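Novice: Mind docking chain B on chain P? Use the hints.
These protein sequence lines are chains P and B, in that order. If you're matching positions, the first sequence starts at 1 in my numbering and goes up one per residue. If you're matching positions, the second sequence starts at 1001 in my numbering and goes up one per residue.
Derived CB-CB ranges, DEER-like:
no.	chain 1	residue 1	chain 2	residue 2	range
1	P	149	B	1172	36 to 46 Å
2	P	149	B	1049	26 to 36 Å
3	B	1086	P	56	20 to 30 Å
Simulated from the structure, these hints should not be mistaken for lab results. Note that the structure is a prediction, hence the values are computed from the model and not measured. Where is the CB? At the ideal position from N, CA and C, for every residue including glycine.
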Amino acid sequence: MTAIADYGLDSPARALLLLVLSAKNSEPMSRLHFQKTILYYERMQEQKDVDFSYFHYGGVSYELQENLESLIEYGLVKKIGTKYTLTDEGEKTVALLREKCDKESLRKLLFAKQQLNDLPDRELLYLMYKLFPDTQVNSKEFENLEKDKETIIPRLFLKSRITAHMASKWLGKSEKEFLDSLS
Amino acid sequence: MIPFPEQIKCKYVFDTSALIILVEKCELQDAFVKFANERDLFIPTRVREEFFAGDIHDYYKKTIENCFTPIDMTLADELLPYFNFDSTSGEIWVISYALKNPSTTCVIDEGFGRNICRLFSINVCGSIGIIGEMKKAGILSKSDLLNVRNKVRDTRFYLSKNLCNELDKICLS
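So here's chain P without its partners, still in its complex pose (with noise of 0.2 Å):
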């Protein structure tokens, strides 16, 4: 038996949620944003390996949550305050997926955490309902956001988040003028 047979790690939810949390080197991410980062990961893969359901606050997906609980019992994953993050075992473990990994899914999953990671929740649930406009639906949180909107999306393009054209599309704007507000 290999490893990633003996930890189940066939299932895409828990291979990602190893993969996720070893990119952008193993940086611990709290459960909002990891959550949300294989959802972006998902939409720019065009798949849906993982189960997502769209409530308050957007793509959650109880089949990664379960699936990490197991990676925790494993001792894959372990977590510190409120975040994630490898153990020995986990990074051991990961090296051999990342090997079964093609290039282009591992950078597409870098990308996704170097978008979200160090993002606060506000912008960061910000970013995902305006990316992917279908998860807006059921959520209560999005409408408040959106009176806030001329704070935050100047602050996603200053974090090099989202470009001069998104964000003046997102403000109404033209990029000229979006970015002449911004001195």
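Specialist: Just chain B now, with coordinates in the frame of chain P:
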């Protein structure tokens, strides 16, 4: 005798906001004529359309026509997921060209596009980097550089603090 290898021309592909800063705000028309003599400067058709769409003086348009080669190209589909499957921004075309022509350097000021370049190991610099190249090539004199610095500082067009500091380093040293 081994023949001396022909000097390889540097190739740059420009995004719209870099063109606005360099051509419109800094008015580097003459410098660009000299810069283009030794280098290949490209603009994707999409960027050209974006630049020409504004209320642009004919003088600036002429610089674009004289110094830059427009490129009509196909999009690198692998970039689409990074741009949320939207191909309307200039950057995606700039990066597409560099992805298909690896010896090319992208000239992009916005952080998002620069991040994508790094992710794909594509050479990238910004408008301030081009000013630095013009200085190195002796195209801009000390007084030209001071002039450029003041124009960039005076413009209401957005440049990050880091880029402004970089500009000071180039223009005041």
